[in-house]
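S.K.: Same order as they appear, the protein sequences are chains A and B. The numbering used here numbers the first residue of the first sequence as 518 and each following residue consecutively. The numbering used here numbers the first residue of the second sequence as 4 and each following residue consecutively.
In case anyone wonders, no lab produced these hints; they're calculated from the structure. The beta carbon of each residue, even a glycine, is placed where N, CA and C say it ideally should be. Any given hint could turn out to be false.
[Said to hold, decoys possible] The calculated lysine-lysine pairs, modelled on DSSO-like cross-linking and capped at a C-alpha distance of 30 Å, are: (1) B:369 <-> B:381; (2) A:558 <-> A:546; (3) B:369 <-> A:546; (4) B:381 <-> A:546; (5) A:558 <-> B:381.
[What the hints assert, rightly or not] From chain B, some residues computed to sit far from chain A (all C-beta separations above 12 Å): (6) 225; (7) 226; (8) 427.
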Amino acid sequence: MTARLTFGAAVLLVLLAAASALVGVELGKGAARSVSPPLAKPCQARAPFAGGGIDGLIQRIVLDGLDGAACRLGTTREELVLSLRPGTGIRLGHADQSTVEEAIRAGLLRSVDEAERRGDIPGFLAPAVRRLVQTVPLARLIQGGISLGDLLR
Amino acid sequence: MLALPELYGHFHTSIEGVSWVVTAYNAAVAVTALALIALVHRVRARGILVAGLLVFFLASLACSLAVSLPLLIAARCVQGAGAALLLAASLPVLGALTGSVARGAAIWTLAGTFGIALGPALGGVLTQVFDWRAIFAAQAPVAALGLIAALAAPRRAALEEGWRSSLTRTWPANACLGLLFGALVGVLFLAVLLVITVWGYSPITGAAIVSVLPVATLVSRPLGRRLGGLTAICGGAALVAAGLVALALLPSPSAWLAAAALAFCGIGLGLAVPTLSDAALDPAAGLARSGTFTVGVRHLGLVLALASIAPLLAAGLPAAGRQAKLRAATVLLDAPVGLSTKVPVALDLAGEFERARAGEIPDLAKPFDDHGAGSDPKLAATRDTLVGTIEETITRAFRPAFLLSAGLAALALAVALVARRRVLE
């Protein structure tokens with residue numbers, strides 16, 4: 518009887534140890550770490566978009582511009598992008614539409630300046646790009662700078 | 004339980020709304036059973052059993068035909084009342100038919116265990132092959148067969164019962180059972196929602212994962228017989244708590260880790276519940292009365308757990324959904340794919356998020372697949388990262404609810420330790 522109890526208790530202890538080990542495995546696999554990717558702070562410099570060609574250049578300008586706008590608005594690039602489409606349920610409570618638009622255009626202009634300084638945009642083309650940023654409806658600019666793409670082609 | 008994700012989508016409801024389909028049934032069982040305690044020994048058990056099966060049969064048909072969530076919940080209430088009647092009466096009837104209180108109680112407990120074992124798998128198959136209505140439609144003929152059998156049973160199929168006015172002797176065992184059944188809500192309700200709604204498994208695959216729990220429960224029965232009563236209860240409650248902590252700490256969607264955690268929960272239930280069920284029955288106080296009492300307390304535990312777990316989960320999901328969208332935006336913005344693909348995918352993804360806000364289950368992979376992820380490895384990698392990030396974020400949102408369930412199991416362990424002399428009296 519004692520032997521049976523001892524065997525049963527031993528199995529129970531093994532099971533409890535295995536359950537603890539499972540928790541250990543989960544912690545080892547990152548259960549205590551936060552989910553990646555983390556949301557980057559927009560006012561801190563980050564590695565530029567790595568794509569090449571005209572498409573990569575446009576994405577670099579748009580993404581840098583969105584970072585600049587988000588920094589100016591005190592939000593993140595992701596919140597800013599999602600807030601532009603009503604159905605996503607993300608809203609910037611503290612900024613009205615004209616403030617957001619102004620911040621995005623300012624961010625993009627600064628991004629164009631940077632691109633010109635790096636030599637990514639030829640000097641003769643930069644004024645036309647700036648004019649485009651200032652005049653093209655915001656929705657078109659955010660939808661990936663398609664108009665910029667059209668111009669550069 | 005396995006129909007819940009489909010009900011969630013079908014009725015465009017919330018987590019709390021869909022939880023009422025389960026809560027209403029269990030609340031009706033608890034209220035009816037607890038109200039029956041004072042009456043059950045005065046009425047012939049066979050009569051109560053027939054009435055219970057008839058109510059259950061009709062309510063199952065009504066559930067299968069429900070055209071709205073309120074109607075389904077109302078039918079579930081009636082079904083729960085019928086279930087309480089048949090559960091309360093079947094114990095003394097089984098005792099009489101087998102000629103032994105112990106044998107009748109053993110079959111009663113075993114039938115309950117098999118019910119839990121077969122339920123998820125059968126529910127998953129029916130939901131996938133037909134739809135959620137099939138689960139309730141399938142219950143009706145089973146109830147009808149039971150009704151025929153009950154009517155064919157000898158009229159005086161009821162045990163001579165003892166009488167002790169108080170059921171307090173069984174309180175500690177019933178308190179532990181109520182808490183463990185509350186923890187079981189965490190295991191089944193949360194695990195089913197997680198595996199099917201968040202991780203996107205089919206009902207049959209979801210059933211296969213969740214069925215690890217009842218299989219482990221059945222497999223662990225021989226071990227339970229080798230352990231002393233208190234050791235089985237305390238060890239079982241500790242394993243349930245540990246399994247739930249493991250479910251809470253799932254780092255990312257993983258069927259294997261979830262199945263392992265469910266296995267520990269199942270083994271724990273298999274060790275603790277049979278011992279507690281024996282201790283919760285007091286033939287000297289009337290088999291029907293003590294059986295009805297323990298049915299009521301178990302379902303009360305389920306209801307209280309659902310009433311606290313569902314709102315806790317529902318409160319955490321919006322913030323998690325927001326985080327998931329923001330991380331998804333990060334993945335998509337930084338994705339190494341061209342604008343001609345990125346923009347339409349982003350617009351379609353926004354449409355999927357709108358579907359999610361309307362209560363539907365979004366298909367986040369579809370925008371990528373529609374725009375060539377099958378032939379574009381970079382787009383496919385972006386799809387996998389984005390879907391993984393969202394699933395991981397939502398999976399983490401289940402953590403507080405799983406931990407609360409683990410707390411219930413830990414409380415059962417504490418009650419068993421504090422009342423160790425009385426729990427097995």
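S.K.: Given the hinted pair residue 381 of chain B and residue 546 of chain A, is their Cα-Cα distance within 30 Å?
M.R.: 25 Å, holds
S.K.: What's the verdict on residue 369 of chain B and residue 546 of chain A, does the C-alpha distance respect the 30 Å limit or exceed it?
M.R.: Holds, because 28 Å separates the two Cα atoms, which is no more than 30 Å.
S.K.: Taking only the CA atoms, is the gap from residue 558 of chain A to residue 381 of chain B under or equal to 30 Å?
M.R.: Between residue 558 of chain A and residue 381 of chain B the Cα gap is close to 26 Å, so the pair holds against 30 Å.
S.K.: Grab the minimum beta-carbon distance between residue 225 of chain B and chain A and tell me whether it stays above 12 Å.
M.R.: 9 Å, violated
S.K.: When you look at the beta carbon of residue 427 of chain B, is every beta carbon of chain A farther off than 12 Å?
M.R.: Given a closest Cβ separation of 15 Å, the condition holds.
S.K.: Holds or violated: are the alpha carbons of residue 369 of chain B and residue 381 of chain B at most 30 Å from each other?
M.R.: Roughly 15 Å between the alpha carbons, so the hint for residue 369 of chain B and residue 381 of chain B holds.
S.K.: The output says residue 226 of chain B does not contact chain A. Does that hold with a beta carbon cutoff of 12 Å?
M.R.: Given that some Cβ of chain A is not farther than 12 Å from that of residue 226 of chain B, nearest at about 6 Å, it is violated.
S.K.: Take the C-alpha atoms of residue 558 of chain A and residue 546 of chain A, compute the straight-line distance between them, and say whether it is at most 30 Å.
M.R.: 26 Å, holds
Going down the numbered hints, you'll see the structure goes against 6 and 7, while the others check out.
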